[in-house]
Amino acid sequence: MVLAFSGRRLPSLLLLWVALALGPLARGELAIEITQGVDAPVPVAVVPFAWQGRGRPPEDLGKIIRFDLARSGQFAMTAPEDMLSLPSRPEELYVRDWRVQGIAYVLLGSVRPTESGLEARYALFDVFAERLLFDETLEAPPGQLRALAHRISDRAYEQLTGIPGAFSTRLLYVVAQNIATEAETFRLEMADADGANAQTLLKSREPILSASWSPDGQTVVYVSFETGKPAIYLQEIATGRREKLTDFEGLNGSPVFSPDGKQLALVLSAGGNPDIFVLDLETRKLRQLTRHFAIDTEPSWTADGEAVIFTSNRGGGPQIYKMNVRSRAIERLTFVGDYNARARMLADGRYLIFVHRQDGIFHIATQDLERGTVQILTETSLDESPSVAPNGSMAIYATRSNGRGILAVVSIDGRVKYRLPSTEGDVREPAWSPFL
Amino acid sequence: MAGLRAYLWPLAWALLFHVVALGLFSANWSSPPALRQNSTAEPMMAELLTLVAPAPKPAPKPKAKPRPAPKAKPKSQKKAAPAPLAEAPAPARPEKAAPERNAPPAAPEPEKPSLQEVLGTDFEDALAAEASSDGSDRPEAVGSYEADLMARIVSQWSRPPSARNGMSCDLRLALVPTGELVSVTLVRSSGNAAFDRSAELAVRRAAPFQVPEDPAVFDAYFRSVTVTFSPNDLRY
Numbered sequence: 001m002v003l004a005f006s007g008r009r010l011p012s013l014l015l016l017w018v019a020l021a022l023g024p025l026a027r028g029e030l031a032i033e034i035t036q037g038v039d040a041p042v043p044v045a046v047v048p049f050a051w052q053g054r055g056r057p058p059e060d061l062g063k064i065i066r067f068d069l070a071r072s073g074q075f076a077m078t079a080p081e082d083m084l085s086l087p088s089r090p091e092e093l094y095v096r097d098w099r100v101q102g103i104a105y106v107l108l109g110s111v112r113p114t115e116s117g118l119e120a121r122y123a124l125f126d127v128f129a130e131r132l133l134f135d136e137t138l139e140a141p142p143g144q145l146r147a148l149a150h151r152i153s154d155r156a157y158e159q160l161t162g163i164p165g166a167f168s169t170r171l172l173y174v175v176a177q178n179i180a181t182e183a184e185t186f187r188l189e190m191a192d193a194d195g196a197n198a199q200t201l202l203k204s205r206e207p208i209l210s211a212s213w214s215p216d217g218q219t220v221v222y223v224s225f226e227t228g229k230p231a232i233y234l235q236e237i238a239t240g241r242r243e244k245l246t247d248f249e250g251l252n253g254s255p256v257f258s259p260d261g262k263q264l265a266l267v268l269s270a271g272g273n274p275d276i277f278v279l280d281l282e283t284r285k286l287r288q289l290t291r292h293f294a295i296d297t298e299p300s301w302t303a304d305g306e307a308v309i310f311t312s313n314r315g316g317g318p319q320i321y322k323m324n325v326r327s328r329a330i331e332r333l334t335f336v337g338d339y340n341a342r343a344r345m346l347a348d349g350r351y352l353i354f355v356h357r358q359d360g361i362f363h364i365a366t367q368d369l370e371r372g373t374v375q376i377l378t379e380t381s382l383d384e385s386p387s388v389a390p391n392g393s394m395a396i397y398a399t400r401s402n403g404r405g406i407l408a409v410v411s412i413d414g415r416v417k418y419r420l421p422s423t424e425g426d427v428r429e430p431a432w433s434p435f436l
Numbered sequence: 001m002a003g004l005r006a007y008l009w010p011l012a013w014a015l016l017f018h019v020v021a022l023g024l025f026s027a028n029w030s031s032p033p034a035l036r037q038n039s040t041a042e043p044m045m046a047e048l049l050t051l052v053a054p055a056p057k058p059a060p061k062p063k064a065k066p067r068p069a070p071k072a073k074p075k076s077q078k079k080a081a082p083a084p085l086a087e088a089p090a091p092a093r094p095e096k097a098a099p100e101r102n103a104p105p106a107a108p109e110p111e112k113p114s115l116q117e118v119l120g121t122d123f124e125d126a127l128a129a130e131a132s133s134d135g136s137d138r139p140e141a142v143g144s145y146e147a148d149l150m151a152r153i154v155s156q157w158s159r160p161p162s163a164r165n166g167m168s169c170d171l172r173l174a175l176v177p178t179g180e181l182v183s184v185t186l187v188r189s190s191g192n193a194a195f196d197r198s199a200e201l202a203v204r205r206a207a208p209f210q211v212p213e214d215p216a217v218f219d220a221y222f223r224s225v226t227v228t229f230s231p232n233d234l235r236y
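So the protein lines, in turn, are chains A and B.
Count the first sequence with the numbering used here and you get residues 1 to 436, in order.
Count the second sequence with the numbering used here and you get residues 1 to 236, in order.
So here's chain A without its partners, still in its complex pose (with noise of 0.2 Å):
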């Protein structure tokens, strides 16, 4: 009797222990605490933008701020055909239409011809909220109907996810064709950050390296080979006047400006092998930063400007340091793996993105600084030089995909990736720019 007895309360005894074990619950009226999320693209749909010019429209801007919107990954955008109407003003929307397809934002708009250019008008509606985020209106010089487009999409997604759009941003980037062959060329170039617009910044027989942005995104510097001997460039994007900063015996590598556009890192290999220096860009004073025997390279700045990181094999491998610049306190920051190099700091100062290899494959990764962790964030294997966009959400990267080298841009958080489109040659050395 006794025996049957615990035999059949025990595991009940066990159940409710655990039962007691959930945190208490609050008294009367419910309050609830929700910990977890699903994080699903978000349904928006960006009606077509009504042309109230003559003629027919130069191209649509919804069409420009669906794929932009697209691309970020963090919303499912409506196609065209699927909406049941078209407003284009928030008085001709109808609530029902939306939230019978699940659409929670609408983003909708005109746009005029005006003197000076061009204008729209354009708007964001809260379809479960019914209400209206904002009403606005913007100007653009003739021509410039894609920059307007991306201004709105910065918009609504800084609107919609807190963080500042980064679709006005341009990209660097070098194209190399004809490789290995008598007519080989490589051009630096320029484009929008969906690809739209590329323009050659320069056109050399001898390989181009390294482009990077001044902070106010005016400037770009390089590193060239085109006396046959590596050398540093600084040139301005608008007028195209272009200056030699270094070209020192042996190596001159990697340039980086600081966050305040005065300095530039950079890599020497002049005393014998490569150290990084700092150039003053207004005396023109260069400093010497690192001086081992090792190799030292690939620097870059922190968010603040008083460190640079950089790739150092001082350790047996190449992995990542970081050195105060005034203080010259040197701190290894990476220990996950064998290869980590070509690091950038994001600006939180938390995060570094870097080339990881892994089983002999090479990742772009990001490691959390706080914690050590390290997050592979790419598939692919040849993946180098990540650059993140100014709004910190994404990274562009150079990678080979059939034999040739493109551009591929990933999230930071790896959930989101997307392929550049090139249409001819290599692709290679992404960078991307500032807010502009």
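Take the hints with a grain of salt, since some may be wrong.
Sample of chain A residues lacking proximity to chain B, with all beta carbon distances greater than 12 Å (derived) [stated by the list, open to error]:
hint: 1; residue: Arg-131
hint: 2; residue: Val-278
hint: 3; residue: Ile-295
Label pairs and their calculated CB-CB ranges [stated by the list, open to error]:
hint: 4; chain 1: B; residue 1: Ala-151; chain 2: A; residue 2: Arg-112; range: 45 to 53 Å
hint: 5; chain 1: A; residue 1: Asn-197; chain 2: B; residue 2: Val-182; range: 47 to 55 Å
hint: 6; chain 1: A; residue 1: Arg-357; chain 2: B; residue 2: Leu-186; range: 45 to 53 Å
hint: 7; chain 1: B; residue 1: Ala-21; chain 2: A; residue 2: Arg-357; range: 41 to 49 Å
hint: 8; chain 1: B; residue 1: Ser-155; chain 2: A; residue 2: Tyr-418; range: 53 to 61 Å
hint: 9; chain 1: B; residue 1: Ala-141; chain 2: A; residue 2: Lys-417; range: 39 to 47 Å
Hint data in this document are derived by calculation from the structure and do not stem from the laboratory.
Note that the Cβ used here is the ideal one computed from N, Cα and C, for glycine as well.
Following the hints, put chain B in place on chain A, whose structure we already have.
Using the frame of chain A, we list chain B on its own:
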């Protein structure tokens, strides 16, 4: 056969020993002062048997709270183990061991169920008692409606990329007895408008909700519901 029989007593004792050990272990959790007395197995077993029937419903508070502890001393007779003053409690009749008033061991103590009460209750009853115990006299069904409401919101909550662990906002939901959402009010902002709006959107997309049909229960718990959104599963 006879061989098996020979094992019966040792087996019985072994099992008895384990039951008692487990009982001691849990008794320690629910009422610390009782532990000391429990050196003998018999009083415990006796209680176990006597309490099988009653299944007292009155909202027992199984959590080991410090408050009931002082009370437990004088009234300890209903604890399985207890009888703090009894040097050698009579095995089969623990109520005698209790020096003071209030003898019948089956009489349930409202605030604090002892291990024996819990054991004596049917499991379902015990669970029901547990379910209704957390808010004082919260009906059992509230928990499941609450869980359903929560699950619906969770499944619709898509956090913006600016969301960070540690952000937190409170929304007050006003519901009607059909389960429809009348209004959502932001009663405490996270400081991040996109985050707040993602929470609000989750609620609006999750509506309508399943709510209890009993109007009294609905009024008491679901007419106004406060939901706190505080992610802890984000990467940052």
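How the hints compare with the structure:
1. At roughly 10 Å, the least C-beta separation between Arg-131 of chain A and chain B is not larger than 12 Å, which violates its mark as non-interface.
2. No beta-carbon of chain B comes within 12 Å of the beta-carbon of Val-278 of chain A; the shortest separation is about 31 Å.
3. Non-interface call for Ile-295 of chain A relative to chain B: holds, since the shortest CB-CB distance, roughly 33 Å, exceeds 12 Å.
4. Our hint of 45 to 53 Å for Ala-151 of chain B and Arg-112 of chain A holds, since their Cβ atoms are close to 48 Å apart.
5. In this structure the hint that Asn-197 of chain A and Val-182 of chain B lie 47 to 55 Å apart at CB holds, the actual value being about 50 Å.
6. Restraint check, Arg-357 of chain A to Leu-186 of chain B: a C-beta distance of roughly 47 Å satisfies the suggested window 45 to 53 Å.
7. Between Ala-21 of chain B and Arg-357 of chain A the C-beta distance comes to about 55 Å, which lies outside the given range of 41 to 49 Å.
8. With their beta carbons about 27 Å apart, Ser-155 of chain B and Tyr-418 of chain A fall outside the hinted range of 53 to 61 Å.
9. In this structure, Ala-141 of chain B and Lys-417 of chain A meet the distance hint of 39 to 47 Å, their C-beta atoms being roughly 46 Å apart.
When the structure is compared with the earlier hints, violations turn up for hints 1, 7, 8 and for no others.
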